[in-house]
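Peer 1: Here are the chains, one letter per residue:
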Amino acid sequence: MARKPFDPSLAHGALFRQAAGRDDRAEAADAAGALSVSALAGRIKEAIRLGIPGTFTVRGELGRVSRTQHLYATLREEDATIGLVMWSSGVAKLAFDPREGQAVLVRGRMEFYAPQGKLQVIAESMEPVGQGDLDARKRELEQLFRARGWFDAARKRPWPRLPRHVAIVTSEGAAALQDVLQVHRERGRTCRLTLVPTLVQGERAATEVAAAIARANAAAPVLPFDCILLVRGGGSKEDLWAFNEAAIVEAIVQSRLPVVTGIGHEIDVSLADLAADGMRATPSIAAAAVFADRAEVLEEIGVRADDLERALRDALDRRSLALERLMNRPVMQSPAAALVPARARVDAWSSRSQLAVRQAATRAGNRLAALEARLARLHPGTRHAGASTRLEESSRRAAQAMARRLERLASRLDLLDRQRIALSPTSVLERGYSITLDASGQPVRTAGQAAPGASLTTIVADGRIDSTVTATHEETP
Amino acid sequence: MSPAKPSKDTAPDDLSSITFEQAMEQLQQLVDRMESGQAGLKESLDDYRRGAALVKHCRALLKDAEDEIGRLSAGDR
Numbered sequence: 001m002a003r004k005p006f007d008p009s010l011a012h013g014a015l016f017r018q019a020a021g022r023d024d025r026a027e028a029a030d031a032a033g034a035l036s037v038s039a040l041a042g043r044i045k046e047a048i049r050l051g052i053p054g055t056f057t058v059r060g061e062l063g064r065v066s067r068t069q070h071l072y073a074t075l076r077e078e079d080a081t082i083g084l085v086m087w088s089s090g091v092a093k094l095a096f097d098p099r100e101g102q103a104v105l106v107r108g109r110m111e112f113y114a115p116q117g118k119l120q121v122i123a124e125s126m127e128p129v130g131q132g133d134l135d136a137r138k139r140e141l142e143q144l145f146r147a148r149g150w151f152d153a154a155r156k157r158p159w160p161r162l163p164r165h166v167a168i169v170t171s172e173g174a175a176a177l178q179d180v181l182q183v184h185r186e187r188g189r190t191c192r193l194t195l196v197p198t199l200v201q202g203e204r205a206a207t208e209v210a211a212a213i214a215r216a217n218a219a220a221p222v223l224p225f226d227c228i229l230l231v232r233g234g235g236s237k238e239d240l241w242a243f244n245e246a247a248i249v250e251a252i253v254q255s256r257l258p259v260v261t262g263i264g265h266e267i268d269v270s271l272a273d274l275a276a277d278g279m280r281a282t283p284s285i286a287a288a289a290v291f292a293d294r295a296e297v298l299e300e301i302g303v304r305a306d307d308l309e310r311a312l313r314d315a316l317d318r319r320s321l322a323l324e325r326l327m328n329r330p331v332m333q334s335p336a337a338a339l340v341p342a343r344a345r346v347d348a349w350s351s352r353s354q355l356a357v358r359q360a361a362t363r364a365g366n367r368l369a370a371l372e373a374r375l376a377r378l379h380p381g382t383r384h385a386g387a388s389t390r391l392e393e394s395s396r397r398a399a400q401a402m403a404r405r406l407e408r409l410a411s412r413l414d415l416l417d418r419q420r421i422a423l424s425p426t427s428v429l430e431r432g433y434s435i436t437l438d439a440s441g442q443p444v445r446t447a448g449q450a451a452p453g454a455s456l457t458t459i460v461a462d463g464r465i466d467s468t469v470t471a472t473h474e475e476t477p
Numbered sequence: 001m002s003p004a005k006p007s008k009d010t011a012p013d014d015l016s017s018i019t020f021e022q023a024m025e026q027l028q029q030l031v032d033r034m035e036s037g038q039a040g041l042k043e044s045l046d047d048y049r050r051g052a053a054l055v056k057h058c059r060a061l062l063k064d065a066e067d068e069i070g071r072l073s074a075g076d077r
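Protein chains in written order, with the working numbering: chain V, 1 to 477; chain F, 1 to 77.
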């Protein structure tokens, strides 16, 4: 909306003419009919007194603010600007700290300060524009954005633990940027940083920050950022208002790169914070959340490297242990031992085969004997086949009975022989017993058989011992 | 134990695209596999060589940032 500069002759033409007419009478014009500057200034003052009488309230945004004991500022709105002065008495009563970019309601009067040709508002009181309005507006926007899903937890993306290159979106020369650089140094400069400068306060801040976020995303082919750190130092609710506006919040939502915010130094959470992938209370804390700590990372790599070494050592140890166990097995200790069971099997097999051969020989002998018997019966002298068969049958039975008897006798003999061996004096002697004989060669069985002074001969396994009895002691068993 | 002859898994350019997180994750898996005793001797040695390369890669990722801060202005786009 374009506005024309103040022109008394247009805006208040009648008044001007009226005033001029009165001046004509009051002041002396020079020969050429020209007004003096002070006369003109006087007319302007008069025009203001009549056109903008008394005190009024004006709403606008503070431009550059400077304070001595008084406060000087400009009050602006898009393409209109007017000076503002507040005397120390008014400043003392201010309930807030006026800053550039702040929207304010000013109560005051208009003044033309002739010495400097300045048209200015003399402010009697000033207050920030509707704090309550801002809170209500924020709640409204929060609801709207939430409904759009901009704050959904599912939207949040992680950022790399060790980012290589981080885009810092903030204003150049801001304290917040210094805080971020400080943390960057403290954590050992583990990544590259690129500043994407932007305004962070005032009416244009929202669109500028949004553009900066888009710029960081668009820079990907040249500057492949891992994430965006959006920071701004503390400020009043009005200062930080831009971070609730749709432009910034939407830019964060649409950012391909994860965005981590550190806005303000207060607990108050902006809508940009809610939409961000990560939010921290301050620029420093946000920076610490994004920049990896060199010492920490080196420590972790070291631990992993140790794990790797140990795992390899264990893998090799396990194998050498298994090898050692194999080497300790008896077979490996004395290879000949492995042959023992085999030899036993061979021996067993050998004696079984000898037995089988013997049995086969016996069977063959029997068959031969039987054939001989049959041959004898088939002798021309023997005619009758039936008788021959019966004879053959009884002969075979008799032979079997005889064989069984012989077998029994043989086994009894075998048993007796084994008892004989067990009872043989020699074998008893070998076990440590001995036989004692008296002078007549009779075995001494009782103590009474050997009177003191008698000569005895003791037979042991490998010889004889002669001895003389010194005493005898009878014991009842 | 030095990776004298790089196996097919440890070609250096193979690692360049691996992020720090991926490298750490792979390291953990290698160690787990080696500890499980499932891997053969050759696999364990290959795992170790690959692991050593990953450790080196992780350390390289920490290379100092040379300039503290660059600047991306509207005109730089």
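These are computed hints drawn from the structure, not numbers from a lab.
Don't be surprised by glycine CBs; every beta carbon is placed ideally from N, CA and C.
The reader is advised that the hints may include incorrect statements.
To give a feel for the contact side, a few chain F residues facing chain V, derived at Cβ under 8 Å [to be verified]:
id : residue
1  : L15
2  : I18
3  : V31
4  : L62
Straight-line C-alpha distance at most 20 Å; calculated SDA-like pairs for lysine to any residue [to be verified]:
id : chain 1 : residue 1 : chain 2 : residue 2
5  : V       : K118      : V       : V65
6  : V       : K93       : V       : T55
7  : V       : K118      : V       : P160
8  : F       : K56       : V       : R189
9  : F       : K63       : V       : P224
10 : F       : K63       : V       : R164
11 : F       : K42       : V       : R318
12 : F       : K56       : V       : K156
13 : V       : K118      : V       : T55
14 : F       : K56       : V       : E300
15 : V       : K118      : V       : F56
16 : V       : K45       : V       : P115
17 : F       : K63       : V       : V303
18 : V       : K45       : V       : K138
19 : V       : K118      : V       : R189
20 : V       : K138      : V       : R318
21 : V       : K156      : F       : E21
22 : F       : K42       : V       : R148
23 : F       : K63       : V       : I82
24 : V       : K138      : V       : R148
25 : F       : K56       : V       : D307
26 : V       : K45       : V       : Q120
27 : V       : K45       : V       : V85
28 : V       : K156      : V       : V58
29 : F       : K56       : V       : P160
30 : F       : K56       : V       : R161
31 : F       : K56       : V       : D293
32 : F       : K56       : V       : G117
33 : F       : K63       : V       : L298
34 : V       : K45       : V       : T68
35 : V       : K118      : V       : R43
Every beta carbon over 10 Å from chain F, so not counted as near; a handful from chain V, in silico [as the list claims (entries may be wrong)]:
id : residue
36 : R43
37 : R192
38 : D307
Peer 1: A separate judgement is required for each hint: does it hold in the structure or not?
Peer 2: Evaluated hints:
1. L15: At 14 Å from the nearest chain V Cβ, L15/F fails the 8 Å test, so the hint is violated.
2. I18: Constraint on I18/F not satisfied, violated at 12 Å.
3. V31: holds, 5 Å
4. L62: holds, 6 Å
5. K118/V / V65/V: OK: K118/V and V65/V at ~17 Å, within 20 Å.
6. K93/V / T55/V: Given that 20 Å is the threshold and the Cα spacing comes to 18 Å, the pair holds.
7. K118/V / P160/V: Given that 20 Å is the threshold and the Cα spacing comes to 57 Å, the pair is violated.
8. K56/F / R189/V: holds, 19 Å
9. K63/F / P224/V: With a Cα-Cα distance of about 17 Å, the restraint between K63/F and P224/V holds, given a limit of 20 Å.
10. K63/F / R164/V: holds, 9 Å
11. K42/F / R318/V: Judged against 20 Å, a Cα distance of about 14 Å means the pair holds.
12. K56/F / K156/V: violated, 32 Å
13. K118/V / T55/V: holds, 18 Å
14. K56/F / E300/V: Holds. K56/F to E300/V sits at ~13 Å (cutoff 20 Å).
15. K118/V / F56/V: holds, 19 Å
16. K45/V / P115/V: Roughly 12 Å separates the two Cα atoms, so the pair holds.
17. K63/F / V303/V: Holds - the C-alpha atoms of V303/V and K63/F are around 19 Å apart, at most 20 Å.
18. K45/V / K138/V: Judged against 20 Å, a Cα distance of about 43 Å means the pair is violated.
19. K118/V / R189/V: Violated, because 52 Å separates the two Cα atoms, which is more than 20 Å.
20. K138/V / R318/V: Judged against 20 Å, a Cα distance of about 66 Å means the pair is violated.
21. K156/V / E21/F: Holds. K156/V to E21/F sits at ~18 Å (cutoff 20 Å).
22. K42/F / R148/V: The given pair, whose Cα atoms are some 56 Å apart, is violated under the 20 Å limit.
23. K63/F / I82/V: violated, 54 Å
24. K138/V / R148/V: holds, 15 Å
25. K56/F / D307/V: holds, 14 Å
26. K45/V / Q120/V: Between K45/V and Q120/V the Cα gap is close to 11 Å, so the pair holds against 20 Å.
27. K45/V / V85/V: Answer holds: K45/V to V85/V is near 17 Å, not above 20 Å.
28. K156/V / V58/V: violated, 44 Å
29. K56/F / P160/V: holds, 19 Å
30. K56/F / R161/V: With Cα atoms ~17 Å apart, K56/F and R161/V stay inside 20 Å; holds.
31. K56/F / D293/V: holds, 18 Å
32. K56/F / G117/V: violated, 72 Å
33. K63/F / L298/V: holds, 11 Å
34. K45/V / T68/V: violated, 26 Å
35. K118/V / R43/V: Judged against 20 Å, a Cα distance of about 14 Å means the pair holds.
36. R43: Holds, since 47 Å exceeds 10 Å.
37. R192: violated, 5 Å
38. D307: Its Cβ does come within 10 Å of chain F, the nearest being 5 Å, so this is violated.
The structure shown violates the earlier hints numbered 1, 2, 7, 12, 18, 19, 20, 22, 23, 28, 32, 34, 37, 38.
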